[in-house]
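From just these sequences and the hints, can you work out the full model?
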Amino acid sequence: MMMRDAENLKSILLMKAKIIFIIGLFLILGIQKNFSQNLVNPDDNPKSQKQGAFSRFVYNEKVAFKLDYFGELVLHPGLSLGIDYTLAKKNWITVHWDSELGGYWHRWNNTALFLKTGIGGRLPIKAFFVDLNLGAGYMHSFAAGTIYQRSSEGGLEKATNWGHPHFMPNTSFLIGWGGTRKMKLPCTFHIGAEVYLQSSFNHIFLPHSAPKVGFTYKFKKQTL
Amino acid sequence: MRNLIIGFMLSFSFLMISCEKENFYDGDHFFVKCAGAEMPVYIKGNIESKTFILFVHGGPGSNASLVSFLPVAKELENDYAFVYWDQRGSGLSQGNPDPSTFTVEQFVEDLDLVIEGIKLRHNNPRIVIYGVSWGGALGSAYLSTGNYQDKVTGFICMNSGHNLLEGIPKSVVFVKEYAQIQIDKGIDVDYWIEARDWCATVPDMTIKENYFKYDAYLSNTNAYQYDPNQVLQGPEVSAMGVMSSYMSLAIFFNGQYLAERFNILELNLSPQMAKIKIPSLVIWGRHDGVNTIEMGFDAYNSIGGPDFADKEMVILENSAHLAHLEEQELFKNAFKQFVNGL
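Protein sequence lines, in the order shown, are assigned to chains A and B. In this text, residue positions in the first sequence follow our numbering: the first is 1, and each later residue adds one. In this text, residue positions in the second sequence follow our numbering: the first is 1001, and each later residue adds one.
Where hints are given, some of them may not hold.
[What the hints assert, rightly or not] Derived DEER-like restraints, expressed as beta-carbon distance ranges: (1) 205/A x 1048/B: 38 to 46 angstroms; (2) 1173/B x 154/A: 44 to 52 angstroms; (3) 1342/B x 101/A: 50 to 58 angstroms.
[Stated by the list, open to error] Some chain B residues flagged as far from chain A (calculated, every beta-carbon gap over 10 angstroms): (4) 1122; (5) 1170; (6) 1220; (7) 1330.
Hints were generated in silico from the structure; no laboratory data involved. Idealized CB from N, CA, C, for every residue including glycine.
Structural data, given as structure tokens:
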């Protein structure tokens, strides 16, 4: 039994490392590639020559930062922070690539951290928009409470809370407001729902729902 | 614009603070970890009474978490501390336990960890195991293993499935008789003729496929609820309560994987129940079609063996498998009388 547990733990940790590596690689390579393709030529602006890569990224027109309330089953509080990167923009749609880091706390149940990425399509309707997203991520959940296990002496001892790794496919539907063109706002506000799955959880894909309420902010104002 | 921002901030603040709800978190909780499962234990009610009723849920694959919202449980919590433990692969239990851990022995080990956890956190209180259906079987298995019964003060065994090897064929007879009554009444005649004739073949109920077929027929009888027209008091928890308590959607999705893989169709604990020598109460619904009244007598006779006197049996005459909901007052009286007499 002990041997099997050790093997299981090893394979779980290996799987966890692989997922983190793949998502991380995807994020880094993707952002770098797209960023380098879409940068404003720094030679055009002498001021920007002095800026570092980080500043150029932050002030890039295609980059917006986002902050959301992420309420697992609505009222279990969480936050997600992320980057919204515009991949393509037409009059009728903006295709964007989002990456988010977040977590939530479900008291007496579990605390979870996640890193996820996804593609979305934002459809403008006058000053408003609807946003459909599809993505995948890595989630790590921890039992929210003291854990006991059998000690080697046969009694009870507190167990280290290593948590459990999960694959986290997700989809969300948001509606939002981006301000009128006249207002030239650097931010948009949105509200909507995300549905995501937690796998493997007792060998199933456990569904979750979470409302998202938040905003995106661009340090570089949009060109009209 | 300013109003929009203020509105947004107010909504955000409301959502952030609204999770702080009153009494869902009164009491104690912890997890026990064993063989791939992390199982939650919630303790509610009168902890000061120093009498802890450890509820062992049925199934396998059902849950205790939702039972904590039953009015009948809430009432009993006024007198005792109630311990709600979700078994591996069930309810709000977490982890990914391997199917090879779905054995009676493993569940007994899990139950012992729960008991050790209660004793550790609450300074050795009196513990009474209250097991319903599969929970009654698990309680019986636990108490007849080694010296585990020394850790427990009393045992309430309700409508238990402690001997399915002999019990399920009796339930098949129940289905057959129920089918005949429906045929005589002219209700869904074709369906019930098919059910009656299949039951008449005396199928081997240790074969899973046969069990699932019988179970489908059984669920259409009054095996669970004697009077289908009686309105039972189910768990009282609002949507807002679910959203602001420790509940999660796992309550609806866990259990199925376990139930399909945990084969207890050949379970027969009757012989080993003679080892149980602690005060015991057997409660049974007279019309239980799942674990029939004959199995109630079997449980009563098996506990402690024929010479053991510290046991009693209460039959709820107008109930079936959900006797604790069908005749709540009688159930509560019997329950309290037994526990207070320990």
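Right, here's what the structure says about each hint:
Between residue 205/A and residue 1048/B the beta carbon distance is about 42 angstroms. The supplied range of 38 to 46 angstroms therefore holds. The beta-carbon spacing between residue 1173/B and residue 154/A, approximately 45 angstroms, falls within the hinted interval of 44 to 52 angstroms. For the pair residue 1342/B and residue 101/A, the supplied restraint of 50 to 58 angstroms holds, since their beta-carbon distance comes to about 53 angstroms. The beta carbon of residue 1122/B sits about 13 angstroms from the closest Cβ of chain A, which is more than 10 angstroms, so the claim that it is off the interface holds.
For residue 1170/B, the requirement that its beta carbon stay farther than 10 angstroms from each beta carbon of chain A is met, with the minimum near 32 angstroms. Here residue 1220/B stays apart from chain A, with its beta-carbon at least about 27 angstroms from theirs, past the 10 angstroms limit. Its beta-carbon lying about 33 angstroms from the closest one in chain A, residue 1330/B satisfies the requirement of being farther than 10 angstroms from that chain.
Going down the numbered hints, you'll see the structure goes against none, and every one checks out.
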